[in-house]
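**Q** Listed here are the chains, written in short residue letters.
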Amino acid sequence: MPTDSESIYGFVTSHKPDAGGHFGRFGGRYVAETLMGPLQELEDAFNEAWSDEAFQAERIRLLQQYAGRATPLYHAEHLSEEVGGAQILLKREDLTHTGAHKINNTIGQGLLAHRMGKKRVIAETGAGQHGVATATVAAMFGMQCDVYMGREDMQRQAPNVFRMRLLGANVIPVDSGTATLKDALNDALRDWVASCQDTFYIIGTVAGPHPYPLMVREFHVVIGQEARRQCLKQMGKLPDVAIACVGGGSNAMGLFHPLRDDPVRLVAVEAAGHGLNSGEHAASLGTGKPGILHGNLTYLLEDSDGQIEGTHSISAGLDYPGVGPELAYMHEQGRLELMSATDEEALAAFQQLSLCEGILPALESSHAVAAAIRMAADMRPDEILLVNLSGRGDKDLNTVCEKLGMGGMESLT
Amino acid sequence: MSGDRLQECFGRCRNENRAALIGYLTAGDPDPATSEKLLCALAEKVDILEIGMPFSDPMADGPSIQAASERALAAGTHMDDVFRLTAAVRKAHPDIGIVFMGYANVVYVMGYEKFAESAKRHGADGVLLVDIPPEESHDLDAALKTEGLHSIRLLAPTSSEERRKLVAANASGFIYYISLTGITGAEIGELDSIRKQVDEIRHLTKLPVCVGFGIKTPEQAASIADFADGVVIGSHFVSQIAEHLSDSCAMIRAVGDAAGTMLEAFRAGSGRRE
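Chains V and W, in that order, give the protein sequences. My numbering numbers the first residue of the first sequence as 1 and each following residue consecutively. My numbering numbers the first residue of the second sequence as 414 and each following residue consecutively.
It should be emphasised that the hints constitute simulated quantities derived from the structure, not laboratory data. All the pointers check out, no bait thrown in.
Pairwise CB distance ranges (calculated): (1) W/527 with V/64: 53 to 61 Å; (2) V/14 with W/530: 36 to 44 Å; (3) W/677 with V/280: 51 to 59 Å; (4) W/425 with V/158: 53 to 61 Å; (5) V/10 with W/497: 56 to 64 Å; (6) W/444 with V/310: 17 to 25 Å; (7) W/530 with V/53: 53 to 61 Å; (8) W/658 with V/158: 30 to 38 Å; (9) W/500 with V/117: 50 to 58 Å; (10) W/560 with V/237: 54 to 62 Å.
Sample of chain W residues at the chain V side, in silico, Cβ under 10 Å: (11) 467; (12) 468; (13) 521; (14) 591.
Just so you know, even glycine gets a beta-carbon here, dropped at the ideal spot from N, CA and C.
Use the sequences and the hints to build the structure in full.
**A** Given below as structure tokens:
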């Protein structure tokens with residue numbers, strides 16, 4: 001099996017950061033001295049595991065048997081026809097176990113934690129998908145699990161809070177700052193500073209201090225590796241455009257990385273919230289500037305004093321003032337095209353995909369779908385637009401139904 | 414470095430056979446006007462004053478100093494105010510050491526050169542940015558050096574021998590040893606282990622070695638003052654502000670009194686020092 005897997009899932013790392021974890025001027029390791037030792041230990045453990053055939057074979061086995069990979073690449077013919085332009089293909093990460101791409105990473109980091117002999121894992125979560133995926137592997141590996149989640153996010157993603165609890169995880173509400181994803185990350189880091197000797201911190205996106213941006217990318221490249229191969233097989237050619245939503249950027253890096261050396265346009269879609277001029281959005285690449293937060297140098301939404309600004313997005317998973325450092329680098333290199341979608345556009349895309357294809361996308365992924373619909377309309381029918389459908393929308397039913405005037409869950413009785 | 418105020422501070426303390434008392438407050442907490450009085454009250458008692466630059470996301474701090482940053486920012490404290498308050502303290506206390514403490518982003522966004530120039534001009538002697546380890550500090554250190562400012566560095570219980578050497582080689586002013594594996598204001602580690610680590614660090618550097626994080630009572634402070642060159646007290650002073658938010662006179666008195674009690678404990682213990 002390792003030989004088979006190797007042919008689909010190559011394990012050779014390309015586009016490596018420098019020895020200090022820098023992608024150009026971005027990335028690095030901006031943390032308190034207490035964490036420098038544990039991060040070096042993690043980097044060494046990851047490098048060793050990544051070149052170990054047994055680790056890779058077990059990781060791939062779990063991705064296939066447990067998470068349900070490979071996920072299909074679905075030619076959304078009805079949506080393509082309705083839009084009347086390019087052919088829209090959906091990479092169905094929503095069909096993985098736990099319902100989002102996040103499981104790819106937590107299987108990788110969970111295995112690594114297990115290999116390092118850690119008895120406890122912690123995580124931050126926004127939409128709750130990463131928290132659920134972490135709680136899932138913690139249950140499977142028999143590790144204690146604490147998940148930090150902003151109190152506001154706990155309310156808008158309540159189903160995921162219950163899922164985590166049912167999986168045996170302890171969900172710790174975060175009230176500091178804006179009580180959303182960035183504050184959950186702060187509190188998880190504070191926990192890890194005190195517990196690093198016996199605890200593994202499973203970061204959920206391609207951000208944080210080195211080696212996290214690299215490691216999380218490597219655990220997610222299965223998305224792009226499969227999609228590239230599937231597109232060639234099903235459509236006879238590579239996509240013209242690959243498109244993904246970007247909060248921290250894990251699903252985007254997973255899709256983009258295996259396509260970055262191909263003649264494929266890579267489009268990153270950020271959350272425009274109430275509009276890019278409203279001051280209430282989460283478009284750090286499009287409107288932010290470089291700064292240092294959560295262990296890395298990257299694009300941030302911040303004021304002129306370097307204070308981190310509050311963000312807004314209808315989707316908790318995109319409601320973050322920073323972005324992965326490698327995406328910041330690719331943006332400055334001109335390798336990315338930036339788009340954004342407002343709350344309203346994401347909601348409209350959610351509805352259109354639901355009605356037209358029978359697929360309820362996560363509100364995060366709905367941003368990518370919204371941009372894809374806009375873009376496809378101006379393309380030719382022989383062109384291919386590949387969308388990363390990073391998660392399913394079940395967790396968002398309450399938010400969506402309320403916004404659409406269908407009432408909340410409680411209105412049914 | 415000629416006219417090195419930090420070394421003069423440690424020298425004076427050595428002459429009194431006691432450790433230096435280093436006190437921290439967040440600039441602008443609870444508001445810039447009260448903060449000026451608080452900083453001056455603390456400066457009356459301490460040898461070195463650490464002035465915290467408020468930050469929206471203080472990841473290495475516990476609830477007490479997090480709340481201080483939140484109060485300062487909510488009261489509209491900007492970096493201009495931090496510098497202005499520093500200049501006021503410096504004017505009233507020409508001889509104490511003043512160290513800026515905070516997080517990388519505030520300084521990075523301002524620009525390292527501009528920050529260093531302004532810090533020097535307003536009376537600072539050194540800078541400690543919690544989340545800039547030596548590996549990332551090349552540009553910052555160059556800017557600080559140009560202005561003759563010390564780059565103070567942290568060491569932690571988790572720092573390997575190799576890292577201790579790296580940090581010792583890159584530090585100036587003093588070494589700040591973190592007494593616990595955790596955030597500010599948490600429970601302090603075993604005294605014997607702290608003493609052993611401080612002794613080991615001394616073999617690597619001639620710089621004074623100070624200890625901080627989690628030191629709350631005069632007894633704890635005095636027992637660390639027995640062997641360290643300096644003791645940093647932060648959360649304990651900051652919590653005096655939180656306890657007296659409705660009465661600024663009582664607040665200022667409480668901070669001064671807390672610092673005075675600490676200093677007395679150091680003096681009482683001076684006979685125990687080797």
